[in-house]
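Participant: For reference, the chains in residue letters:
2 protein chains.
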Amino acid sequence: MKIPASHPRRASLGQRHALEKGLKIGIVTPTGMIAFGRGEAFDYLLGEKTSACAKQACQAGAALLLLSKKPVLSVNGNATMLCAKDAIKLAKITGAQIEANVFYPPVKKRRQLIARHFENFGKKILGKNAAKKITGLSSNRGMVEERGIFSADTVLVMIEDGDRTQALRKNGKKIIAIDLNPKSRTAQSAHVTIVDNVVRALPEIARQAHKLRNTNTEELEKIVSAFDNWKNLEESLALIKKRA
Amino acid sequence: MKIPASHPRRASLGQRHALEKGLKIGIVTPTGMIAFGRGEAFDYLLGEKTSACAKQACQAGAALLLLSKKPVLSVNGNATMLCAKDAIKLAKITGAQIEANVFYPPVKKRRQLIARHFENFGKKILGKNAAKKITGLSSNRGMVEERGIFSADTVLVMIEDGDRTQALRKNGKKIIAIDLNPKSRTAQSAHVTIVDNVVRALPEIARQAHKLRNTNTEELEKIVSAFDNWKNLEESLALIKKRA
Numbered sequence: 001m002k003i004p005a006s007h008p009r010r011a012s013l014g015q016r017h018a019l020e021k022g023l024k025i026g027i028v029t030p031t032g033m034i035a036f037g038r039g040e041a042f043d044y045l046l047g048e049k050t051s052a053c054a055k056q057a058c059q060a061g062a063a064l065l066l067l068s069k070k071p072v073l074s075v076n077g078n079a080t081m082l083c084a085k086d087a088i089k090l091a092k093i094t095g096a097q098i099e100a101n102v103f104y105p106p107v108k109k110r111r112q113l114i115a116r117h118f119e120n121f122g123k124k125i126l127g128k129n130a131a132k133k134i135t136g137l138s139s140n141r142g143m144v145e146e147r148g149i150f151s152a153d154t155v156l157v158m159i160e161d162g163d164r165t166q167a168l169r170k171n172g173k174k175i176i177a178i179d180l181n182p183k184s185r186t187a188q189s190a191h192v193t194i195v196d197n198v199v200r201a202l203p204e205i206a207r208q209a210h211k212l213r214n215t216n217t218e219e220l221e222k223i224v225s226a227f228d229n230w231k232n233l234e235e236s237l238a239l240i241k242k243r244a
Numbered sequence: 001m002k003i004p005a006s007h008p009r010r011a012s013l014g015q016r017h018a019l020e021k022g023l024k025i026g027i028v029t030p031t032g033m034i035a036f037g038r039g040e041a042f043d044y045l046l047g048e049k050t051s052a053c054a055k056q057a058c059q060a061g062a063a064l065l066l067l068s069k070k071p072v073l074s075v076n077g078n079a080t081m082l083c084a085k086d087a088i089k090l091a092k093i094t095g096a097q098i099e100a101n102v103f104y105p106p107v108k109k110r111r112q113l114i115a116r117h118f119e120n121f122g123k124k125i126l127g128k129n130a131a132k133k134i135t136g137l138s139s140n141r142g143m144v145e146e147r148g149i150f151s152a153d154t155v156l157v158m159i160e161d162g163d164r165t166q167a168l169r170k171n172g173k174k175i176i177a178i179d180l181n182p183k184s185r186t187a188q189s190a191h192v193t194i195v196d197n198v199v200r201a202l203p204e205i206a207r208q209a210h211k212l213r214n215t216n217t218e219e220l221e222k223i224v225s226a227f228d229n230w231k232n233l234e235e236s237l238a239l240i241k242k243r244a
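Chains Y and A supply the protein sequences, listed in that same order. For the first sequence, counting from 1, position 233 maps to 233 in our numbering; every step adds exactly one. For the second sequence, counting from 1, position 148 maps to 148 in our numbering; every step adds exactly one.
Pulled out of the complex, with its shape left as it was, chain Y reads as follows (with noise of 0.2 Å):
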């Protein structure tokens, strides 16, 4: 399929065609195609581009990560698909690892898959030995790795299911959420919610991390604690009435 080169949406086909080759292999689910449409809808009335309400949630998440003792990214299909190379900077600029975590089926096919594709960029992560059950969910949808997500102190989710965010952060971890809805249930139960594409957030986030990676922890903790992540969704919202 041949997309003109005056066809007005051509600056986000990359994205779908990525999104289409991971449903082909099996990384990428028919829901998740889904939710990359809900995504879209909202990135367009963002006007596709990093708020600057967004920059600083980059930055608390940053600096959130830094302060951490066990940071885990979790990446499912769509995170692989979009953004595998920009996890794997992020996770080495933050001491972060990355855990696949999908609970679509085939859900032990679809781990080794997204495993394997960050083995392709010579990155080994966690998520095939999700044995450990996060506490509030139904077992297919809570289950974890234990040395990743289940003794992280803080998981930097992208585009999660809501349910999910929310056992997660009941169980005690800070979570970081990129969610390009700021009425999501993932963006509304998050410690800090950027409101971004993951595409361009995860870059950020690592920009954000180098810059602060020399920082004391007082002076990270400040930030994190300055961050008002009402008030930062509450900014997002109001940009998305303005550009409807």
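In case anyone wonders, no lab produced these hints; they're calculated from the structure. Don't take every hint at face value.
Chain copies aren't distinguished; within one or between two, either way the pair holds.
Derived DMTMM-like pairs (lysine to aspartate or glutamate); straight-line CA-CA distance at most 20 Å [as the list claims (entries may be wrong)]:
hint	residue 1	residue 2
1	LYS69	GLU221
2	LYS123	GLU146
3	LYS49	ASP86
Following the hints, put chain A in place on chain Y, whose structure we already have.
Facilitator: Chain A alone, transformed into the frame defined by chain Y:
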């Protein structure tokens, strides 16, 4: 995959499952899944109900269909999976034909599958013999059936590509569009734009057509000419802003 009864998005999951089934049987494309997701986001912002201004647009659309000599309802893969029965009902009330009109490959196969889907509901539709070309579009995007869209005076499109809507309009057709994004090119190019989910809009147009079925030409023309599509689109936008 079982969805918990408590899931807050349960209402739209029936539609998702219909789309996923469509993907499996080859009627829906991966791109169609993404388009559905975009629609979901706008529907969410619209409160997932038919607004007063959408009802008004449905009335204008119904009047226009009743006034038309050769109205055609253009159905793609998503529309087929979401509202085939409703399209059949509307076609019956308004004397419209239905034409399968898709351009994502495999085009021929998909048109056949869509036609068969309608035949399962006892309805013969057009689209399998798309040998004529709408001017202003590349050949794979512009093929339509001679006794259908090619010779139609009015075409109702649902979840349609902007290029195609504009080309149909330039080919002299009156366009009724059902589109959840009031700023999409399809929404902005149609004569009558119904900003609503197809699963609610089609039955509403059918209801309005039923009410108007004995109205004389002059009165129907009054309804159509009194309808201000730009004003109506602004009202839908205002609703989205209010809900965001």
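Participant: Go through the numbered hints given earlier and state which of them the structure violates, listing their numbers in rising order.
Facilitator: Violated hints: none at all, because every hint is consistent with the structure.
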